[in-house]
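For the protein sequence lines, the chains are U and V, in the order given. Heads up: the first sequence begins at 1 in this note's numbering, then just goes up one per residue. Heads up: the second sequence begins at 396 in this note's numbering, then just goes up one per residue.
Think of the hints as simulated: they come from the structure by calculation, not from any bench.
Between beta-carbon pairs, the in silico distance windows are: (1) Leu175/U / Met396/V: 47 to 55 Å; (2) Ala311/U / Ile443/V: 53 to 61 Å; (3) Gly270/U / Met396/V: 41 to 49 Å; (4) Ala264/U / Ile443/V: 29 to 37 Å; (5) Trp228/U / Arg438/V: 55 to 63 Å.
Over the 12 Å line for every Cβ pair with chain U, so calculated as not near, a few chain V residues: (6) Asp463; (7) Gly482; (8) Asp548; (9) Asp551; (10) Thr582.
Note that CB positions come from ideal geometry on N, CA and C, so glycine has one too.
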Amino acid sequence: MNVSKILPYKKQTLKSFFTFEFTALNILMFWLTIGLVTTMLWGIGAYLVQGHHAYGVTRQHAWGLLIAMYVFFVVSSTGLCIMSSLGHVFNIKSFQIIGKRAIIGAIITILTGFAVIAFEIGHPVRMVIYNVLTPGLTSAIWWMGTLYGMYLFFIILEFLFLNNDNHKYSKIFGLAGLVVGLAAHSNLGAVFGFLVARPIANGVFFPLYFILSAMVTGSYLLFLIYGWRYKMDFPPEVEKFMVTLAQVLGLLLAILMFFEIWRALTAIYGDMPERGDIARHMITSKRFLIGEVLLGMLIPFAIIVVSKGRAIKAMVYASITGMVGIFWMRYDLVDDTQLAPMLPLKIREYLPAPGLTEYTPTSVEWMISIGAIGLAFVMYYAADKFFDLDHKTTI
Amino acid sequence: MARYGMALDYKNCINCKACESACKEQNGILLGADYHRIWVGVREIEGIFPNLSIGSSSFEPSQCQQCDNAPCQEVCPTNATYYDGNGVVRVNPDQCILCTYCMQACPYDARYVDDRTTTVDKCNFCSDTRLIQGETTTACQATCPTKVRIFGDLDDPDSEISKVLRDREYRKLKEHLGTRPKLFYLT
Numbered sequence: 001m002n003v004s005k006i007l008p009y010k011k012q013t014l015k016s017f018f019t020f021e022f023t024a025l026n027i028l029m030f031w032l033t034i035g036l037v038t039t040m041l042w043g044i045g046a047y048l049v050q051g052h053h054a055y056g057v058t059r060q061h062a063w064g065l066l067i068a069m070y071v072f073f074v075v076s077s078t079g080l081c082i083m084s085s086l087g088h089v090f091n092i093k094s095f096q097i098i099g100k101r102a103i104i105g106a107i108i109t110i111l112t113g114f115a116v117i118a119f120e121i122g123h124p125v126r127m128v129i130y131n132v133l134t135p136g137l138t139s140a141i142w143w144m145g146t147l148y149g150m151y152l153f154f155i156i157l158e159f160l161f162l163n164n165d166n167h168k169y170s171k172i173f174g175l176a177g178l179v180v181g182l183a184a185h186s187n188l189g190a191v192f193g194f195l196v197a198r199p200i201a202n203g204v205f206f207p208l209y210f211i212l213s214a215m216v217t218g219s220y221l222l223f224l225i226y227g228w229r230y231k232m233d234f235p236p237e238v239e240k241f242m243v244t245l246a247q248v249l250g251l252l253l254a255i256l257m258f259f260e261i262w263r264a265l266t267a268i269y270g271d272m273p274e275r276g277d278i279a280r281h282m283i284t285s286k287r288f289l290i291g292e293v294l295l296g297m298l299i300p301f302a303i304i305v306v307s308k309g310r311a312i313k314a315m316v317y318a319s320i321t322g323m324v325g326i327f328w329m330r331y332d333l334v335d336d337t338q339l340a341p342m343l344p345l346k347i348r349e350y351l352p353a354p355g356l357t358e359y360t361p362t363s364v365e366w367m368i369s370i371g372a373i374g375l376a377f378v379m380y381y382a383a384d385k386f387f388d389l390d391h392k393t394t395i
Numbered sequence: 396m397a398r399y400g401m402a403l404d405y406k407n408c409i410n411c412k413a414c415e416s417a418c419k420e421q422n423g424i425l426l427g428a429d430y431h432r433i434w435v436g437v438r439e440i441e442g443i444f445p446n447l448s449i450g451s452s453s454f455e456p457s458q459c460q461q462c463d464n465a466p467c468q469e470v471c472p473t474n475a476t477y478y479d480g481n482g483v484v485r486v487n488p489d490q491c492i493l494c495t496y497c498m499q500a501c502p503y504d505a506r507y508v509d510d511r512t513t514t515v516d517k518c519n520f521c522s523d524t525r526l527i528q529g530e531t532t533t534a535c536q537a538t539c540p541t542k543v544r545i546f547g548d549l550d551d552p553d554s555e556i557s558k559v560l561r562d563r564e565y566r567k568l569k570e571h572l573g574t575r576p577k578l579f580y581l582t
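Sequences are here, hints too, so could you generate the full structure?
In structure tokens form, the structure reads like this:
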């Protein structure tokens, strides 16, 4: 069987694979990637030896940084898929150039997400077996996992057909990937939204917010991917796309801020126990104010508003702060959900009754989580080497 | 088949923690404060000396509430958590993938990670250690010096628990969440 017929790829020798232009930025990126991947491997090693004891998770705060990072990566994936579908599913002209690069980004980020969650789920192999043998159909995690599996399958097919310039089938699988991706991602929101025991998370907010914030994340990533690809020297059609992207992102950020404001007001109003107190703690924290609001929303939004979306180079830099903000959004989502202790009474002598639960990620958790970004870089580098990800200038 | 529940005459509790020890001994629960199926919660005396409200202090023995509509069972992606024939919420460790979603969903903090099996564990009314051998009590009930716990079949009108629930007022924990707990705190 000739693979190149099904999936045309550029042949590489070992030497050509590792050859890249020796610019300062490339060398910096090379060492950054090596550093991140090494860090991840080190973290994985520690996890394999110590299991969950290597993490800072506790009985009362059972989900930690790895869950946040899993959400971070799969949100990125869904976001890239949604934004790319604007072009080749919904035929918005200026978005048509991003197809392959965005979809390979979506594949890479979801694979990275799966890699991270594999070190959080205690029995990943058993998961695959019993997901099929004894499916828990009332579980949002079951639906999320199963739909994400289907989603990955569809977007791989979509990439395959895009790579073959078969736009009929790429559109069909693009649409399938989009619909299943939206279902999977809103189910991920429901993993938190369905928690009746936790009033701060329970409700319709998260399934909707996840889709919206995915689109914001996808936009930031597209700025970064294209900023890196063209090293800030954009051809006209890419520049046109990026200006449109900035304007769309401005609208998305405005809606996101609107969502966040009403979420906070509804949560605080009435001061309902385990909701009002948690919300007040949440919105006065530095993580929220500096991380989520300033870095994640205000800085990029201000640049878009002031420049009317034309400052695309500034937006590439602002997307770095944006992604840092998105990271804190995911962290806060996981942490805030678990802040209220389910058992408010003290159960040990000489200790105070629990106020809010406490969680600090351990170095192993940081190593696996942040190191996973390096894994995504490696996969992107390889994809860029093996596939022609650029658009055809005739589009 | 029965429908097991437990009534707790919790105002008789003296916080001796014999129930916690008996549970660990009977069920082989690992030593260490975080590994526990059952516990005694302490509500401390309120007020500032000398105006202390002695009546505010109480001990609240607790554990899995064996909900009829258990959130932990509903969220389990592999059906590792299930209701057995006696209405007891149990975990099959062979099916548990340790996603800990049940620990998020349980409103009572009744679940923990058991390092014997690296899966999530919880109270099962000693189903696999005592009831299966024909015993009619749980370890915590059998050991309690002040007879706080009354375990039995809620469907049997002649059982001690059914009688006490007919005669006494009781409350349940976080009932508003729709979990329909089968632990009854006698007031």
